[in-house]
Amino acid sequence: MKKLNIGSVTQDTQLDFLSFVTLYRSFSILIRHDLQDIFNQLAVASMSRATLNGEKSRSAPELSEMAVKRKIGLLTRNCSLDLESSDAKHTRKRHFDTIAASSIAVKNDHIISSNKVITLATLKKFLETRQMELLNDEDVKTIIQRHEPEAAHRIENCMSFEGFARYMMDKDNYAFLSELMPESTYMNLPLSQYYIASSHNTYLTGHQLKGESSVELYSQVLLTGARCVELDCWDGEDGTPVIYHGHTFTTKIPFRAVVDAINKAAFVQSAYPVILSIENHCSVVQQQRMATIFQSIFGEKLVTNFLFDYDYTDEPFLPSPLSLKHKILIKNKKLIVEVPATLSTGLTRQNTYKQSNLSSRASSIISNTSGNSLNEEFSDDEYEDDDDFDNIDDKTYHVNWGSIEDKSRHSLSHGNISTPTRQHLQLQHQQQFFQQQQQQQQQQQHQQHLQQ
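The sequence shown maps to residues 1 to 452 in UniProt numbering.
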């Protein structure tokens, strides 16, 4: 029977909590190939490799000055446990690194970079040019002392890959500190000025081609703080919409069950608004069912109309999170009004387009529940003759729609047309052409009559 060395890790090894933390740290660092690439650009060969695993590394003078306290800090920062002098602990850490390296696709660069370090001067330059942080030498030394695990490197004021990865993943480098909740006074700006915690493919538990879909995931995501969830909606076989990753082998879940789960968990963790990001593939009939389900389950929480006077101005802006507390917003592409087949005059087409703009200003799909004048999908057939539009010159454009200075007269305000579409310009151009031909024919007939 083979005798195992002290600190060896086998399949039968049972890890205590502190050992598990060390193993988890090894995985979290070695998996960051992006940080590995940055480190290799900055690192140089270590000048004191002989001392790295020698007595200096585990019996440095600084270790005796550290009070031994059995506590665990952040995984990215040194704590008293990291500074303890123990051969068994050092050996076990190397074994954990080996386990992590063999379990993930670690590049060969990791083996090479284990002999490299980033000097204090290089780290300072990196912070200045890449992180946009102007720090003096003492501040950079503090960073090294806080994050570098090897005592020898701390003494020499240089940083290994592990220390560099710890620093880059530390919470001080987060774009947003979740533990610092903003005051209510900071939540009265337009909604578009905030980062919103969002969930993509919320319903998926795993593989996006063959994985399982789950209603419970909507509750879990909302209870962990997300304020935007995604619903991929498709026609169900029984006439009721379903949610799944379309054109894949993922399982389907009922649309109504998802909406009910959202309603129960929406405001348990936070009172701020919840946004439903809908990828809508349903027919008009089943979209009517979606609207009915939204109204019946969400009730007054669902935003279906404009809320404030400034929504009706020429320069509207989104409400603030503070004003939308306990409200549910629907983010969904609206369908256009069906265009009549026969167009006797341009006025008929223009009026239809105005009605389309009026209906498009509603805040959610709820306002168009009738569906009698809606198209199921946008059709490319309407744009078969778009090439003819390219032949319209600037003179014709200004005749039909006025000069550039007059553009403001067509702004979107209570149903006015914002900008002409290709079809409108083409239609106007054709009408003008026919009118000119008719006038010429009348003039020719008049001249012939005079000659007679």
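One thing to keep in mind: the hints can contain errors.
Derived pair list, reagent style BS3-like, types lysine-lysine, alpha-carbon separation capped at 30 Å [stated by the list, open to error]:
no.: 1; residue 1: Lys125; residue 2: Lys210
no.: 2; residue 1: Lys252; residue 2: Lys210
no.: 3; residue 1: Lys252; residue 2: Lys334
no.: 4; residue 1: Lys210; residue 2: Lys333
no.: 5; residue 1: Lys171; residue 2: Lys210
no.: 6; residue 1: Lys252; residue 2: Lys264
no.: 7; residue 1: Lys124; residue 2: Lys210
no.: 8; residue 1: Lys171; residue 2: Lys325
no.: 9; residue 1: Lys141; residue 2: Lys116
no.: 10; residue 1: Lys325; residue 2: Lys301
no.: 11; residue 1: Lys141; residue 2: Lys210
no.: 12; residue 1: Lys125; residue 2: Lys171
no.: 13; residue 1: Lys264; residue 2: Lys331
no.: 14; residue 1: Lys171; residue 2: Lys93
no.: 15; residue 1: Lys141; residue 2: Lys171
With beta-carbon atoms standing in for the labels, derived distance ranges [as the list claims (entries may be wrong)]:
no.: 16; residue 1: Phe308; residue 2: Val268; range: 21 to 31 Å
no.: 17; residue 1: Ile99; residue 2: Phe308; range: 37 to 47 Å
no.: 18; residue 1: Ile196; residue 2: Gln439; range: 51 to 61 Å
no.: 19; residue 1: Glu315; residue 2: Val44; range: 53 to 63 Å
no.: 20; residue 1: Gln437; residue 2: Glu279; range: 45 to 55 Å
no.: 21; residue 1: His326; residue 2: Thr240; range: 56 to 66 Å
no.: 22; residue 1: Tyr174; residue 2: Glu279; range: 27 to 37 Å
no.: 23; residue 1: Asn136; residue 2: Asp309; range: 45 to 55 Å
no.: 24; residue 1: Val44; residue 2: Gln269; range: 40 to 50 Å
no.: 25; residue 1: Ile196; residue 2: Asn136; range: 34 to 44 Å
no.: 26; residue 1: Tyr195; residue 2: Glu300; range: 22 to 32 Å
no.: 27; residue 1: Leu135; residue 2: Gly225; range: 31 to 41 Å
no.: 28; residue 1: Leu135; residue 2: Val268; range: 37 to 47 Å
These are computed hints drawn from the structure, not numbers from a lab.
Quantities reported herein were computed from a predicted structural model and do not represent experimental measurements.
Cβ atoms here follow ideal geometry from the backbone N, Cα and C, with glycine treated the same way.
Hint check results:
With a C-alpha separation of about 47 Å, the suggested pairing of Lys125 with Lys210 is violated against the 30 Å cut-off. Annotation: proposed proximity of Lys252 to Lys210 holds, straight-line Cα distance about 11 Å (limit 30 Å). Restraint check: the Cα-Cα separation between Lys252 and Lys334 comes to about 24 Å, which is no more than 30 Å; the hinted pair holds. Proposed proximity of Lys210 and Lys333 is supported: the alpha carbons are some 27 Å apart, at most 30 Å.
Between Lys171 and Lys210, the direct Cα distance comes to roughly 35 Å. Violation of the 30 Å bound is thereby established for this hinted pair. Of the supplied pair hints, the one linking Lys252 and Lys264 holds, its CA atoms being roughly 21 Å apart against a limit of 30 Å. Taking the CA atoms of Lys124 and Lys210, the gap is about 47 Å. The hint is violated against a cut of 30 Å. Proposed proximity of Lys171 and Lys325 is supported: the alpha carbons are some 29 Å apart, at most 30 Å.
Between Lys141 and Lys116, the direct Cα distance comes to roughly 18 Å. Compliance with the 30 Å bound is thereby established for this hinted pair. Our distance criterion of 30 Å between C-alpha atoms is met by Lys325 and Lys301, whose separation comes to about 9 Å. For the hint linking Lys141 to Lys210, the alpha-carbon distance of about 50 Å lies beyond 30 Å, and the restraint is violated. About 21 Å separates the Cα atoms of Lys125 and Lys171, which keeps this hinted pair within 30 Å; it holds.
For the hint pairing Lys264 with Lys331, the CA-to-CA distance comes to about 20 Å; that is within 30 Å, so the pair holds. A hinted pair counts as satisfied when its Cα atoms are at most 30 Å apart, and Lys171 with Lys93 qualifies at roughly 23 Å. Between the alpha carbons of Lys141 and Lys171 the distance comes to roughly 18 Å, so the proposed pair stays at or under 30 Å and holds. For the hinted restraint 21 to 31 Å between Phe308 and Val268, the CB-CB distance of approximately 27 Å keeps it satisfied.
Separated by about 58 Å at the C-beta atoms, Ile99 and Phe308 break the suggested range of 37 to 47 Å. Remark: the range hint 51 to 61 Å for Ile196 to Gln439 is upheld by a beta-carbon distance near 58 Å. Between Glu315 and Val44 the Cβ separation comes to about 56 Å, which falls inside the hinted range of 53 to 63 Å. Hint check: Gln437 to Glu279, Cβ distance near 48 Å, so the stated range 45 to 55 Å holds.
For the pair His326 and Thr240, the beta carbons lie near 27 Å from each other, so the given range of 56 to 66 Å is not met. Against the hinted window of 27 to 37 Å, the Cβ-Cβ separation of Tyr174 and Glu279 comes to about 30 Å, which satisfies the hint. With their beta carbons about 53 Å apart, Asn136 and Asp309 fall inside the hinted range of 45 to 55 Å. Between Val44 and Gln269 the C-beta distance comes to about 48 Å, which sits within the given range of 40 to 50 Å.
Here the CB-CB span from Ile196 to Asn136 is close to 37 Å, well matched to the stated 34 to 44 Å. Distance hint check: the CB atoms of Tyr195 and Glu300 are about 28 Å apart, consistent with the given range 22 to 32 Å. A hinted range of 31 to 41 Å for the beta carbons of Leu135 and Gly225 is consistent with their spacing of about 32 Å. For Leu135 and Val268, the Cβ-Cβ distance of about 42 Å falls inside the hinted range of 37 to 47 Å, so the restraint holds.
Comparing the model with each earlier hint shows violations of hints 1, 5, 7, 11, 17 and 21; every other hint is respected.
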